[in-house]
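Protein sequence lines correspond, in order, to chains A and B.
Anchor point for the first sequence: position 310 equals 310 in the numbering used here, and the numbering is continuous, going up by one each time.
Anchor point for the second sequence: position 273 equals 596 in the numbering used here, and the numbering is continuous, going up by one each time.
These are calculated hints, taken from the structure and not from any lab test.
It is possible that some hints are incorrect.
Said to hold, decoys possible - Derived DEER-like restraints, expressed as beta-carbon distance ranges: (1) T587(B) / K88(A): 36 to 44 Å; (2) G436(B) / V134(A): 50 to 58 Å; (3) P178(A) / L617(B): 45 to 53 Å; (4) F484(B) / L98(A): 50 to 58 Å; (5) V138(A) / L542(B): 22 to 30 Å; (6) A52(A) / L454(B): 42 to 50 Å; (7) D352(B) / L165(A): 26 to 34 Å; (8) K88(A) / R451(B): 44 to 52 Å; (9) H525(B) / V17(A): 28 to 36 Å; (10) L98(A) / A508(B): 39 to 47 Å; (11) L159(A) / V452(B): 51 to 59 Å; (12) S384(B) / W126(A): 47 to 55 Å.
Said to hold, decoys possible - Negatives, chain A to chain B, calculated, CB over 10 Å: (13) L78; (14) F148; (15) N186; (16) L187; (17) L192; (18) D220; (19) L312.
Yeah, the Cβ is synthetic: ideal placement off N, Cα and C, and Gly gets one too.
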Amino acid sequence: MYRYIVNRVLLVVPTLVGAAALVFVLMRLIPGDICMVRLGSGGASVDPRALAVCHAELGLDRPLVLQFLDFAWGFFRLDFGISMWSGKPVAEEIAARLPISLEIAVMATVVAILIAIPLGTISALWQNSWIDHVVRTVAIAGIATPSFWLGIVSILVVLDVSHALFGAAWMPPIDYVPFWQDPLRNLSMVILPALTVGYRYSAVTMRMTRSAMLEVLREDYIRTARAKGLAEQLIINRHALKNALLPVVTLIGIEFAFLIGGLVVTEQVFNLNGVGRLFVLAVQNQDYTLTQALVMLTVAIFVLVNLAVDLLYAWLDPRIRFG
Amino acid sequence: MVDLAPPYAPTADDDVAQSSRSWRAAIIDFCRRQPLGTVGLALVLVMAAAGLSAEWIAPYSPTANDFAVMTEPPSWAHLMGTDQFGRDLFSRIVFGARTALIVGFSCAIVGGGAGLVLGVASAYFGGRVDLLLQRLLDVVMAFPLIIMALAVIAIFGSGVFNVIVAITIPLIPRCARVVRSSALAIREVLYIDAARACGFGHARIILRHMVPNVLAPFLIMLTAFVGQAILAEASLSYLGLGVQEPTAAWGLMLQGGAEEYASTAPWIAVFPGLAIALTVFGFSLFGDALRDALDPKLRDR
Numbered sequence: 001m002y003r004y005i006v007n008r009v010l011l012v013v014p015t016l017v018g019a020a021a022l023v024f025v026l027m028r029l030i031p032g033d034i035c036m037v038r039l040g041s042g043g044a045s046v047d048p049r050a051l052a053v054c055h056a057e058l059g060l061d062r063p064l065v066l067q068f069l070d071f072a073w074g075f076f077r078l079d080f081g082i083s084m085w086s087g088k089p090v091a092e093e094i095a096a097r098l099p100i101s102l103e104i105a106v107m108a109t110v111v112a113i114l115i116a117i118p119l120g121t122i123s124a125l126w127q128n129s130w131i132d133h134v135v136r137t138v139a140i141a142g143i144a145t146p147s148f149w150l151g152i153v154s155i156l157v158v159l160d161v162s163h164a165l166f167g168a169a170w171m172p173p174i175d176y177v178p179f180w181q182d183p184l185r186n187l188s189m190v191i192l193p194a195l196t197v198g199y200r201y202s203a204v205t206m207r208m209t210r211s212a213m214l215e216v217l218r219e220d221y222i223r224t225a226r227a228k229g230l231a232e233q234l235i236i237n238r239h240a241l242k243n244a245l246l247p248v249v250t251l252i253g254i255e256f257a258f259l260i261g262g263l264v265v266t267e268q269v270f271n272l273n274g275v276g277r278l279f280v281l282a283v284q285n286q287d288y289t290l291t292q293a294l295v296m297l298t299v300a301i302f303v304l305v306n307l308a309v310d311l312l313y314a315w316l317d318p319r320i321r322f323g
Numbered sequence: 324m325v326d327l328a329p330p331y332a333p334t335a336d337d338d339v340a341q342s343s344r345s346w347r348a349a350i351i352d353f354c355r356r357q358p359l360g361t362v363g364l365a366l367v368l369v370m371a372a373a374g375l376s377a378e379w380i381a382p383y384s385p386t387a388n389d390f391a392v393m394t395e396p397p398s399w400a401h402l403m404g405t406d407q408f409g410r411d412l413f414s415r416i417v418f419g420a421r422t423a424l425i426v427g428f429s430c431a432i433v434g435g436g437a438g439l440v441l442g443v444a445s446a447y448f449g450g451r452v453d454l455l456l457q458r459l460l461d462v463v464m465a466f467p468l469i470i471m472a473l474a475v476i477a478i479f480g481s482g483v484f485n486v487i488v489a490i491t492i493p494l495i496p497r498c499a500r501v502v503r504s505s506a507l508a509i510r511e512v513l514y515i516d517a518a519r520a521c522g523f524g525h526a527r528i529i530l531r532h533m534v535p536n537v538l539a540p541f542l543i544m545l546t547a548f549v550g551q552a553i554l555a556e557a558s559l560s561y562l563g564l565g566v567q568e569p570t571a572a573w574g575l576m577l578q579g580g581a582e583e584y585a586s587t588a589p590w591i592a593v594f595p596g597l598a599i600a601l602t603v604f605g606f607s608l609f610g611d612a613l614r615d616a617l618d619p620k621l622r623d624r
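Using the sequences and the hints, build the whole thing.
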């Protein structure tokens, strides 16, 4: 067991270093120069001396290896440097936008779990019935529907319905208020994005729940439980679902890390000033420090969630730790 | 594999006739067993037909502005209405199908092909090569698809070709991972040993003996990839970082005007989104049905 844990934890290091190197190289391959963008607007010529000063200021004139080591060491200390665009510390920029993104992510996960596990189980229990077909169709539709379009349509519906009901069109608020300050305002802002992101998330989870349940329901121990006359509900809750949930939990964990990718688009639709929006802005402004910090953050979350899921798995299933 | 050939010994003469008959039988059988998959296939075929013959189907040019008919609701003259520049939405959607399919198939085939070779090679060589390759793929896999694509776009810039590159790169490790696990099982089979004993080269064993045997999971994944690539392209174009105006692309059609005119001209937002959703829906349904049909374990379920 300890050997497995140590091996698995050590595996994280090369992945993170590799990802950091990849991000670093990618960002340096970008044509165009942040200093050119800063100093000259449009096609105006830039004073080479001012350019050199700007390069020195941002540390772009030092050897690449040093720049990389600086970057890696900074990341290790959670110090991502200063945003090349706004001039504020990157950590500060991210921290200001993290709460709303995190809130949407968590709520989307809750939505997904609440929809997916019951429906997936029902779908598996009545396999090939009309319920099963409906659930599967809804699930595939969830994977196929672009979340940004779902967002636009849901805004449209809210506008029309509010107009019909109250005579005035209502739009969700745009500036973020923490939940404990004004719960109603906070929720009215976050609920639509959480639902649109959560639908896709639940679709993926639903399919996994269904196929895992189908697998488990064919196991011998389920037949044994039935043969000894156990109530069907008990068999499903205690014997089947418990075992089927293992891969489902894995998927939920991995998809949570991928939510950040989904938020990039969704925040754009709802005009929310979150981390995803910041990412698009950073790419558009060629803000190296901000972009690399955000990409590394996403990758780190992904790698750590994966690690947690693997360790949880090993703890739950002894075949893995000794295999 | 489903073998539905009639139970008589084929002769050289009726070889062609029989293979077309068994193909037809296989297709009919597929439609009967997989009604949802058939719906998916139909959707895919409709979109493919639209994309291939866009010039003949579209009543207007996808880029022609007609300022007399800006934001017109759907009518007989403009089946899906017009956008804020007076362009016919139906024509733009038909031409958008071409963009979506070009991006979808190019990404799936190039990304899948590269993943197939890497995955099989990784399993075949094993040892250090496998370990190194897997760690490398781990690194690329750690980037969510859209984040990786954005990073690549940031370097190469936007446009159709660059979008294809940006979406293809993250697909490669995802394909290689799945192919590797199927190829690992095949590596242990006797005919690979036999081929090695015959003194065949690595390339021949990989391409002629291992690749054909992982084609079933590969094809299933490929259909999923086409859908994923179409979705990713739409997202990038929506963010303004993908296909650029005036090319007709569904994601691009949802950008800007769609939100601005959402309450007064909802058709601008509704139809392109429906086109994306239905196409990806079609590919997913078809891919699912294909998996059920090709996987003997699932066939009786």
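For each hint, the structure was consulted:
no., hint, verdict
1, T587(B) / K88(A): 36 to 44 Å, "39 Å, holds"
2, G436(B) / V134(A): 50 to 58 Å, "37 Å, violated"
3, P178(A) / L617(B): 45 to 53 Å, "51 Å, holds"
4, F484(B) / L98(A): 50 to 58 Å, "35 Å, violated"
5, V138(A) / L542(B): 22 to 30 Å, "26 Å, holds"
6, A52(A) / L454(B): 42 to 50 Å, "45 Å, holds"
7, D352(B) / L165(A): 26 to 34 Å, "52 Å, violated"
8, K88(A) / R451(B): 44 to 52 Å, "46 Å, holds"
9, H525(B) / V17(A): 28 to 36 Å, "31 Å, holds"
10, L98(A) / A508(B): 39 to 47 Å, "44 Å, holds"
11, L159(A) / V452(B): 51 to 59 Å, "57 Å, holds"
12, S384(B) / W126(A): 47 to 55 Å, "51 Å, holds"
13, L78, "19 Å, holds"
14, F148, "5 Å, violated"
15, N186, "23 Å, holds"
16, L187, "22 Å, holds"
17, L192, "13 Å, holds"
18, D220, "16 Å, holds"
19, L312, "19 Å, holds"
Hint check: violations occur at hints 2, 4, 7, 14; the rest are consistent with the structure.
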